[in-house]
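Student: Next come the chains, spelled out residue by residue.
Number of protein chains: 2
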Amino acid sequence: MKRLKATIAYDGSGFAGYQIQPDSRTVQVELMKVLKTIHKGKVTQVVASGRTDAKVHATGQVIHFDTEFSIPMSGWLRALNVLLPEDIRVNSIEEVDASFHARYHTTGKTYRYKWDRSQIISPFTRNYMVHVKQPLDVDAMRAAAQALIGTHDFSSFCAANTAVVDKVRTIWRVEFEERGNELHMVIEGSGFLYNMVRIIAGTLTEVGMGRRKAEELSGIVAAADRDAAGKTAAAHGLYLETVMYQS
Amino acid sequence: MKRLKATIAYDGSGFAGYQIQPDSRTVQVELMKVLKTIHKGKVTQVVASGRTDAKVHATGQVIHFDTEFSIPMSGWLRALNVLLPEDIRVNSIEEVDASFHARYHTTGKTYRYKWDRSQIISPFTRNYMVHVKQPLDVDAMRAAAQALIGTHDFSSFCAANTAVVDKVRTIWRVEFEERGNELHMVIEGSGFLYNMVRIIAGTLTEVGMGRRKAEELSGIVAAADRDAAGKTAAAHGLYLETVMYQS
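Residue numbers (UniProt numbering), protein chains in the order written: chain A, 1 to 247; chain B, 1 to 247.
For the record, the hints were derived by calculation from the structure and aren't laboratory data.
Fair warning: there could be bad hints in the mix.
Intra- or inter-copy, both count: the list cannot distinguish identical chains.
[Said to hold, decoys possible] Heads up, simulated DSSO-like pairs for lysine-lysine below, C-alpha to C-alpha not over 27 Å straight-line: (1) 55 - 114; (2) 133 - 33; (3) 213 - 55; (4) 2 - 42; (5) 5 - 133; (6) 231 - 33; (7) 213 - 42; (8) 5 - 40; (9) 55 - 231; (10) 40 - 55.
Since this is a predicted model, take the numbers as computed values, not measurements.
The task is simple: from the sequences and hints, build the whole structure.
Tutor: So, in structure tokens, the structure goes:
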């Protein structure tokens, strides 16, 4: 038995999220269908670094699965990409130690959130960026984001009614990149709570619009209360970009 | 009565082309639906510079229509973009002389054709670029394209069984732009026959792959025979970029 680790990308537009669900098209279902075909009808479990919600994209999601087949990695790459639907691509695959676990062994993740600040949004970006017509004060957003850096209880930035008890996480980096009308937020940390990046993006959007002050952020973190933070930003602006493991 | 000229963009992925068709979602149908709503149930004809096929995109299609309403242009822009589906956007609108005709008065058009040369195509570009894994000799494609410049009978680059009799057109410019893994062909001319840009793109792809020599192109043009040219390249790589009118 071999354990394989694959890095995959998917366009979240056509999926009800990553995780298997009855009667829904999900990334996990599509992956399992293809692995079942390759394994001649035998069901193969797929483990991802974590779920992503409906409409959320991934450029560097990581999965693992076990196989008894001895196909070279180039053969796996080709077979998976031939059999998978075009909105999921496997970008790399490698054999890993049998102890590797795509979910339990993550040491960090990078997410990207994209806004389109055009007056009229392009029909080509409508599923890939969140449209904000109002001018955003990016310097204020940058300043506000500094309050997130470090190790904090991120309860204010976690969807209510989640089962997770320990809400302490570490954020290493929050950066804003401007590319013409596009604004990207890149956020990197040890781990993220449910909806955490989207609540951060939503709260920082309110800072950018002048509805909240940059200085309020440390108070919002300290409140450890979901109601203290801003709205959850839309799913389709979010990309899971990198999953880190101890090398 | 006023005549309005609008420049529109659409993502062709979700349309059975521009032109109205029974039981199909087309750009013209969506435009007419919205104009009917604005005109309180009165049907308004919409004239475009020309049709585009299913899956073909537009960044600068031009349409005209007549209205009895006296709304300022900013109001038209807002109303149309609120009512239209997100995969069609109106980028500008202006009042023009009643003699203006979006189709009959065109003096030229620019199209763009996009290839993605990544080894593994991104799930985000699958509907917007044509994937070519094999290396393309772009210099050979550039050299071959020179044979198209000028005024020629373009019968070799026109879908067979078309009703058009005069197949003489003038091409002013064919340029190739490389942006990392993306390859774009920009082609500008007085007018284009049915499938002309796609047959040119397909034939030049064959040159790029080494299946045809650049020097063959002038012979292909001279043959004035559709069978002399290469395959029709896929629709989803094609963009109608600019429509020109006498100013």
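Student: Each hint needs a verdict: does it hold in this structure or not?
Tutor: Right, here's what the structure says about each hint:
1. 55 - 114: Both: 13 Å inside a copy, 25 Å across copies.
2. 133 - 33: Cα proximity of residue 133 and residue 33: across copies only (26 Å, versus 41 Å in one copy).
3. 213 - 55: neither (30 Å within a copy, 45 Å between copies)
4. 2 - 42: So residue 2 and residue 42 pass the 27 Å test inside one copy only (15 Å; across, 67 Å).
5. 5 - 133: Intra 41 Å, inter 24 Å, cutoff 27 Å: inter-copy only.
6. 231 - 33: Result: close neither inside a copy nor across copies, 36 Å intra and 34 Å inter.
7. 213 - 42: neither (56 Å within a copy, 49 Å between copies)
8. 5 - 40: Classified as within; 20 Å inside a copy, 58 Å across copies.
9. 55 - 231: within (17 Å within a copy, 36 Å between copies)
10. 40 - 55: So residue 40 and residue 55 fail the 27 Å test inside a copy (31 Å) and across (35 Å) alike.
Hint check: violations occur at hints 3, 6, 7 and 10; the rest are consistent with the structure.
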